[in-house]
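Trainee: Residues per chain are reported as follows:
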Amino acid sequence: GESVGLHLPTLSVQEGDNSIINCAYSNSASDYFIWYKQESGKGPQFIIDIRSNMDKRQGQRVTVLLNKTVKHLSLQIAATQPGDSAVYFCAETSGAGTALIFGKGTTLSVSS
Amino acid sequence: EPEVTQTPSHQVTQMGQEVILRCVPISNHLYFYWYRQILGQKVEFLVSFYNNEISEKSEIFDDQFSVERPDGSNFTLKIRSTKLEDSAMYFCASLQDLNQPQHFGDGTRLSIL
Numbered sequence: 001g002e003s004v005g006l007h008l009p010t011l012s013v014q015e016g017d018n019s020i021i022n023c024a025y026s027n028s029a030s031d032y033f034i035w036y037k038q039e040s041g042k043g044p045q046f047i048i049d050i051r052s053n054m055d056k057r058q059g060q061r062v063t064v065l066l067n068k069t070v071k072h073l074s075l076q077i078a079a080t081q082p083g084d085s086a087v088y089f090c091a092e093t094s095g096a097g098t099a100l101i102f103g104k105g106t107t108l109s110v111s112s
Numbered sequence: 001e002p003e004v005t006q007t008p009s010h011q012v013t014q015m016g017q018e019v020i021l022r023c024v025p026i027s028n029h030l031y032f033y034w035y036r037q038i039l040g041q042k043v044e045f046l047v048s049f050y051n052n053e054i055s056e057k058s059e060i061f062d063d064q065f066s067v068e069r070p071d072g073s074n075f076t077l078k079i080r081s082t083k084l085e086d087s088a089m090y091f092c093a094s095l096q097d098l099n100q101p102q103h104f105g106d107g108t109r110l111s112i113l
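Chains as they are written, first to last, in the working numbering: chain A, 1 to 112; chain B, 1 to 113.
Careful, some of the hints might be misleading.
[Claimed, not checked] List of simulated lysine to any residue pairs, SDA-like, C-alpha gap at most 25 Å: (1) Lys42(A) with Ile112(B); (2) Lys42(B) with Thr107(A); (3) Lys42(B) with Tyr32(A); (4) Lys71(A) with Glu15(A).
[Stated by the list, open to error] Some residues of chain B that are not near chain A, with every Cβ distance over 10 Å (derived): (5) Val4; (6) Gln6; (7) Gln17; (8) Val19; (9) Arg22; (10) Glu44; (11) Glu56; (12) Asn74; (13) Arg80; (14) Ser81; (15) Leu95; (16) Asp106; (17) Gly107; (18) Ile112.
If you are wondering where the hints come from, they were derived from the structure by calculation, not from laboratory data.
Every residue gets a Cβ at the ideal spot worked out from N, C-alpha and C, and that includes glycine.
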């Protein structure tokens with residue numbers, strides 16, 4: 001069977017490793033998903049998004065995977081750098097322009 | 001790159017007082033939002049605003065709260081009779097069109113004493 005990644009509140013990796021951050025979303029009607037990065041004292045910063053008609057989307061060093069069957073979202077960061085250290089939140093919405101529902105954050109710590 | 005700007009960055013207020021948090025959304029954006037984040041917790045939706053009216057609000061956004069777009073650039077959140085539990089980071093976000101992600105400001109830290 002397929003394993004579902006568990007949400008971890010913290011993730012510590014070495015510089016250069018690949019990081020995987022998981023999120024379980026709540027609403028099966030959600031059709032748009034966003035990953036945000038939040039650095040200390042800052043607001044959420046957009047990283048990457050994906051719509052429900054896709055299961056994978058790639059950006060620069062980041063990939064988002066969507067599994068609607070188990071309502072799971074993951075963010076993969078390749079070659080993690082110290083500047084990637086932050087809290088990462090997934091967010092979902094079920095209609096264009098409607099409220100974002102944020103998941104629990106994961107604190108990523110990258111050591112060099 | 002255009003940004004959402006929020007003022008003040010930190011507001012300290014006595015319990016029972018009124019506060020106004022200010023936001024300047026990105027200039028060509030049409031949809032505006034307020035969220036809050038209690039220390040160490042996840043970001044929570046408060047209210048959305050479009051075409052000079054509230055389009056959606058959460059259970060948190062009760063009669064204590066109001067929003068206004070007094071001119072073509074500012075978007076404000078007013079909190080009346082502040083309580084200790086109103087202490088949080090308040091984030092403003094804006095959206096250009098419905099196919100784009102919301103862009104957030106860096107927030108106002110509200111401390112109620």
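Trainee: With reference to the structure, classify each hint as holding or not holding.
Mentor: Each hint tested on the structure:
no. : hint                    : result
1   : Lys42(A) with Ile112(B) : 20 Å, holds
2   : Lys42(B) with Thr107(A) : 12 Å, holds
3   : Lys42(B) with Tyr32(A)  : 19 Å, holds
4   : Lys71(A) with Glu15(A)  : 30 Å, violated
5   : Val4                    : 8 Å, violated
6   : Gln6                    : 8 Å, violated
7   : Gln17                   : 24 Å, holds
8   : Val19                   : 19 Å, holds
9   : Arg22                   : 15 Å, holds
10  : Glu44                   : 7 Å, violated
11  : Glu56                   : 6 Å, violated
12  : Asn74                   : 17 Å, holds
13  : Arg80                   : 22 Å, holds
14  : Ser81                   : 25 Å, holds
15  : Leu95                   : 6 Å, violated
16  : Asp106                  : 5 Å, violated
17  : Gly107                  : 5 Å, violated
18  : Ile112                  : 19 Å, holds
Hint compliance for this structure: hints 4, 5, 6, 10, 11, 15, 16 and 17 are not met, and every other hint is.
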